[in-house]
Amino acid sequence: MSILLGWGDRIRGLFADNKGPWGTSSGGDDGDPPSEPPADGKGPWGEPSRKPRRVSLGKGGGVSSIDELLRRGRARFGGGGGGLPGRPDRSLIIWAVVGFILVWLVFTSVHSIEPGQRGVVTRFGRYNATLGPGVSMTLPAPIDRVKKIDVENIRTIDLGSQGGNDLMLTGDQNLLDIAYSVRWNIRTPELYLFELAQPDETIKQVAESAMRAVVSRVSLIDAMGDKRADVETQTAETMQRILDSYHSGVQIQGIAIKQADPPDEVNDAFKEVTAAQQDAQSYVNQSRAYALQLTAKAQGEATAFDKVYVQYKLSPEVTRRRMYYETMEQVLSKVDKTIVESPGGVTPYLPLPQVQRSQPQGRQ
Amino acid sequence: MTDFIRRRPLLSAMLGFLVLVVLLGSFPIVPETKQAVIVRFGKPVRILNRYQAGRPIGASGAGISWRIPFAEQVVWLDKRVLDVDMQPQQVLSTDQRRLQVDAFARYRIVDPLLMYIRAGTEQQLNEQLRPILGSEVRNELGKIEFASLLTPERQGIMQSVRTSLNQIARQYGAEIIDVRIKKTDLPDGTPLQSAFDRMRTARLQEARSIRAQGAKQAQIIRAEADAEAAKTYAASFGKDPQFYDFYRAMQSYQATFIGDGQEKSSPTTIILSPNDEYLKQFTGRAR
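Line order of the protein sequences matches chains P and Z. This note's numbering puts the first sequence at residues 1 to 364. This note's numbering puts the second sequence at residues 1 to 287.
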């Protein structure tokens, strides 16, 4: 703990002065680090702590400028400040190194693996173990290295035409414009890391190959319609089989066909089919309506006739005459009537042009 | 020693660094993903972490190793499954139809020594294998008909491509794991256009046939209705044809001379003779 405190002070010392990078600090601000080891004149290595400084100072004009820089830098890092040459600043460096090594050990040998992750441990490059979720200990960093791999996270690759011209041949030699996505995750992290040179690219290529193989076995109509789910599962199975044969450690979660349409170039013809289906349906509907109308009319007329006929049977002659006169009355009351007395005496003049002229008017 | 360090801190640091580099270089760390050939003055002497089929990960020769500094060099080769991707090519089937084919092969370096001697680097091996893959695919697919390119049969073709490619890859210390067709497309231009035309005409034909079927069905429904109506009429009117004649005539006169009341009928002029049946009472002829 005292090391950390000392560090904090030292860092503050580093940033506190606003002089040039190699300038000596005033000495007053950081002249009292709390974690000062006992100033017995010897560092932890058992050497006289001030000797190198004395030597370099004593040489005076013979000191190279680099040595001078090193010295200043050391003095500065030690926290003692250039103005206080009597400080035992070497021991601080040693503490820093020790502290750094401790922190390094802690940080590189204790690994906290999150849920959904696995840690692949390699000892000098060789695969050693796979760590499960939780906190685990390994040897420190140069010996053991841990690579965290996300195994639960499902990745998605989108494939197929995104407005592009990527068409697939179906079993009946038609072309299909298809867009789909592959969902996958890592099943065995060490295989995923060590077996395939380009795992992502491999999955992509295998997906394309598998999808085309499956689509080439179904017809266009099936691929667009009710066999879509079959295509998805078959592709996923094929992909899994191929990837297993590579020992890829990859699990295919599923394929989703987002779009399976005829190509744009022939889309109109496909719409024409839909239009034709609608047309055919409307023909049938119209004829059904006609049929209903016709049979209803027939039934109505027949029933009407039957009713009248029952009455007619009771007194045929009277009913017949009554109907005749009633009809004539209605007819003749609405039309122009001319009664010509003698067929022999007068030659009837029929104004044909007038009749013809009046006809179009009547139709309007 | 310590005196030297104190007197020449910079020089000694540089020396120490140099020693460290040499020391570290003498103990190369072989990762799981690599195989290595140790070459002493140009002559391969040892192989590190050689691939062996069926050996599980972690049991292999990966890990820390050694070499004599300066005298021995380490040549790194990939141990993983590698990929060689073919350039898309046009293939002519036996029935003279063109197809644009794209394929890929997966391989692994199984003999690093042979691979190092014959090919050198993975890059060069790739360059060697790619044209061979292309020509093998073209040869094998050129032996079959267009239709069978699309059938499951082509798996067998890929098997023979793999076998013949493997024979060549073996000479380079590599093993072909898998060969697969990635794409089989119709080439742009005439083949693609004619395929589109075929699809289009097939659809139009289907559309026509659907319309014709609809029309046919409609006609049948109408005819059935007509027959049904005729049957109803006949059953009713057949009881007394003479009365029907009269009854229907009366309705007909009304309809033709007056109209059904919906639209105005044309003005009609009727010239009656006094001898007309209707006027028999009018002229007093009845009795």
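Calculated from the structure, these hints are not laboratory results. Please note that the accuracy of each hint is not assured.
[Stated by the list, open to error] Listed below are the simulated DSS-like cross-link pairs for lysine-lysine, each with C-alpha atoms no more than 27 Å apart in a straight line:
#1 Z/Lys231 <-> P/Lys147
#2 P/Lys297 <-> Z/Lys280
#3 Z/Lys231 <-> Z/Lys216
#4 P/Lys313 <-> Z/Lys280
#5 Z/Lys216 <-> P/Lys271
#6 Z/Lys183 <-> P/Lys297
#7 P/Lys297 <-> P/Lys313
#8 P/Lys334 <-> P/Lys313
#9 P/Lys148 <-> Z/Lys183
#10 P/Lys227 <-> P/Lys204
#11 Z/Lys280 <-> P/Lys227
#12 P/Lys147 <-> P/Lys204
#13 Z/Lys231 <-> P/Lys307
#14 P/Lys204 <-> Z/Lys183
#15 P/Lys258 <-> P/Lys297
#16 Z/Lys183 <-> P/Lys258
#17 P/Lys204 <-> P/Lys258
#18 P/Lys334 <-> Z/Lys280
[As the list claims (entries may be wrong)] Restraint ranges, calculated between C-beta atoms of paired labels, are given here:
#19 Z/Asn139 <-> P/Ser136: 48 to 56 Å
#20 P/Asn185 <-> Z/Gly16: 20 to 28 Å
#21 Z/Gly16 <-> P/Trp104: 17 to 25 Å
#22 Z/Pro131 <-> P/Ser136: 35 to 43 Å
#23 Z/Gly156 <-> P/Pro115: 40 to 48 Å
#24 Z/Gln123 <-> P/Gly116: 47 to 55 Å
#25 P/Thr156 <-> Z/Gln159: 30 to 38 Å
#26 Z/Asn139 <-> P/Arg183: 32 to 40 Å
[Said to hold, decoys possible] Stretch by stretch, here's where chain Z covers chain P in the computed footprint (C-beta under 8 Å, at least three residues):
#27 93-101
#28 195-208
#29 235-246
#30 262-270
#31 307-321
Only a predicted model underlies this, so the values are computations on that prediction, with no experimental measurement involved. Even for Gly, the Cβ is constructed at its ideal location relative to N, Cα and C.
Taking the numbered hints from earlier one at a time, note which ones the structure violates and give those numbers from smallest to largest. 1, 2, 6, 8, 9, 11, 15, 20, 22, 24, 27
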